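J.: Here's the letter readout for the chains.
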Amino acid sequence: DAGVIQSPRHEVTEMGQEVTLRCKPISGHNSLFWYRQTMMRGLELLIYFNNNVPIDDSGMPEDRFSAKMPNASFSTLKIQPSEPRDSAVYFCASRSQGVGEKLFFGSGTQLSVL
Amino acid sequence: AQSVTQLGSHVSVSEGALVLLRCNYSSSVPPYLFWYVQYPNQGLQLLLKYTSAATLVKGINGFEAEFKKSETSFHLTKPSAHMSDAAEYFCAGGAGNTPLVFGKGTRLSVIA
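Chains A and V supply the protein sequences, listed in that same order. Anchor point for the first sequence: position 49 equals 49 in this note's numbering, and the numbering is continuous, going up by one each time. Anchor point for the second sequence: position 35 equals 1035 in this note's numbering, and the numbering is continuous, going up by one each time.
Next comes chain A alone, as it looks inside the complex (with noise of 0.2 Å):
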C-alpha cells in the first residue's frame, strides 16, 4: 500500500486566495483525520471522519475552513479566504475504525501564506 497521500507537498500563495488541500486516505481505513501542526500550538486536531462523514468538527478554527469527503478514497480541506496565520503543516491521516487502532500519517502539507 502507497500510505497516506497528501497534495501539494508545499503551497504558497497569498492572502485571500482559497487554498485547498487534498487527501487519500489508505484503502479500506474507514476513518479519516485532518491535523494542523505549528510550532505554537502543536498538533491539533481541526476534523474527523468515520465512513465519510463528518462526526466532529469543533477544531476547525473558523468558518474559513471546511472539510469534505465526498468519498472513501478522497478527502479535501479547503481554506477560503486564506490568512497569514494559518501557515502551518497540515496532516491527513486515517486509520481503520476500531478500537485502539494505530493511525497512520501522510507527509503532510506544507502551507505557507504570504
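Worth double-checking, as some hints may not be accurate.
[Unchecked claim] Quick list of in silico lysine-lysine cross-link-like pairs, DSS-like style, CA-CA up to 25 Å:
{"no.": "1", "chain 1": "V", "residue 1": "Lys1069", "chain 2": "A", "residue 2": "Lys102"}
{"no.": "2", "chain 1": "V", "residue 1": "Lys1068", "chain 2": "A", "residue 2": "Lys102"}
{"no.": "3", "chain 1": "A", "residue 1": "Lys102", "chain 2": "V", "residue 2": "Lys1104"}
{"no.": "4", "chain 1": "A", "residue 1": "Lys102", "chain 2": "A", "residue 2": "Lys24"}
{"no.": "5", "chain 1": "A", "residue 1": "Lys68", "chain 2": "V", "residue 2": "Lys1049"}
{"no.": "6", "chain 1": "V", "residue 1": "Lys1068", "chain 2": "V", "residue 2": "Lys1049"}
{"no.": "7", "chain 1": "A", "residue 1": "Lys68", "chain 2": "A", "residue 2": "Lys102"}
{"no.": "8", "chain 1": "A", "residue 1": "Lys102", "chain 2": "V", "residue 2": "Lys1058"}
[As the list claims (entries may be wrong)] Rough simulated footprint, nothing fancy, chain V against chain A, three-plus residues with beta-carbon under 8 Å:
{"no.": "9", "segment": "19-29"}
{"no.": "10", "segment": "66-77"}
Calculated directly from the structure, the hints in this document are not laboratory data. A quick note: this is a predicted structure, and the numbers were derived from the prediction, not measured. We treat Cβ as the ideally placed atom computed from N, Cα and C, and that holds for glycine.
Please arrange chain V on chain A, whose structure you already have, making use of the hints.
T.: Chain V alone, transformed into the frame defined by chain A:
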C-alpha cells in the same frame, strides 16, 4: 476526558547514552497509548502501541515503553542513543473509538 502530557519540550543526550522521554496521561477509562516519531519534513510514524496486552511494549529501532497505571505514565526509553534517533517524539492516547489526543512533543537531540 483523555489528555496527554509530555514533560520536557527538548531533551539532549550523548550518543550511546540512555534515552528517556516522559509521558503522563489522564483518563477515566483504560487508555490506548502510542508513541510516534517525526523526522524533519515527514509525517508521524508509529514507534509502538500499548493496548493492555502487556505493560512493557517493544517498538521499532530499539525503543520500548512501560505502562505504569499507578503513576499514569508511559515513558519511552532506549538503552543507547544513536545519531539517527534525533527527531521529534509524540505521545498520544485515546479511549474507545475516539480520536487520539497528542502531547506537544519532545525534540530529541543526540550529541556526538
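J.: All hints, please: hold or fail.
T.: Here's how the hints hold up against the structure:
1. Note on V:Lys1069 and A:Lys102: the hinted pairing holds, with a Cα-Cα distance of about 21 Å set against a maximum of 25 Å.
2. For the hint linking V:Lys1068 to A:Lys102, the alpha-carbon distance of about 21 Å falls within 25 Å, and the restraint holds.
3. Between A:Lys102 and V:Lys1104 the alpha-carbon distance is near 19 Å, which keeps this suggested pair within the 25 Å criterion.
4. Distance restraint check for A:Lys102 and A:Lys24: the Cα-Cα separation of roughly 17 Å lies within the 25 Å cut-off, and the hinted pair is therefore satisfied.
5. Among the hinted pairs, A:Lys68 with V:Lys1049 is inconsistent with the structure: their alpha-carbon atoms are about 30 Å apart, more than 25 Å.
6. For the given pair, V:Lys1068 sits about 14 Å from V:Lys1049 by alpha-carbon distance, which is consistent with the 25 Å threshold.
7. At most 25 Å may separate the alpha-carbon atoms for a hinted pair to count; A:Lys68 and A:Lys102 meet this at roughly 23 Å.
8. Using a Cα cut-off of 25 Å, the hinted pair A:Lys102 and V:Lys1058 holds, with the two alpha carbons roughly 15 Å apart.
9. As drawn, the segment 19-29 of chain A meets chain V at 0 residues by the rule of a beta-carbon pair under 8 Å; below three, the given contact is violated.
10. Here's how the segment 66-77 of chain A fares: 0 of its residues keep a CB closer than 8 Å to some CB of chain V, so the rule of at least three is not met and the hint is violated.
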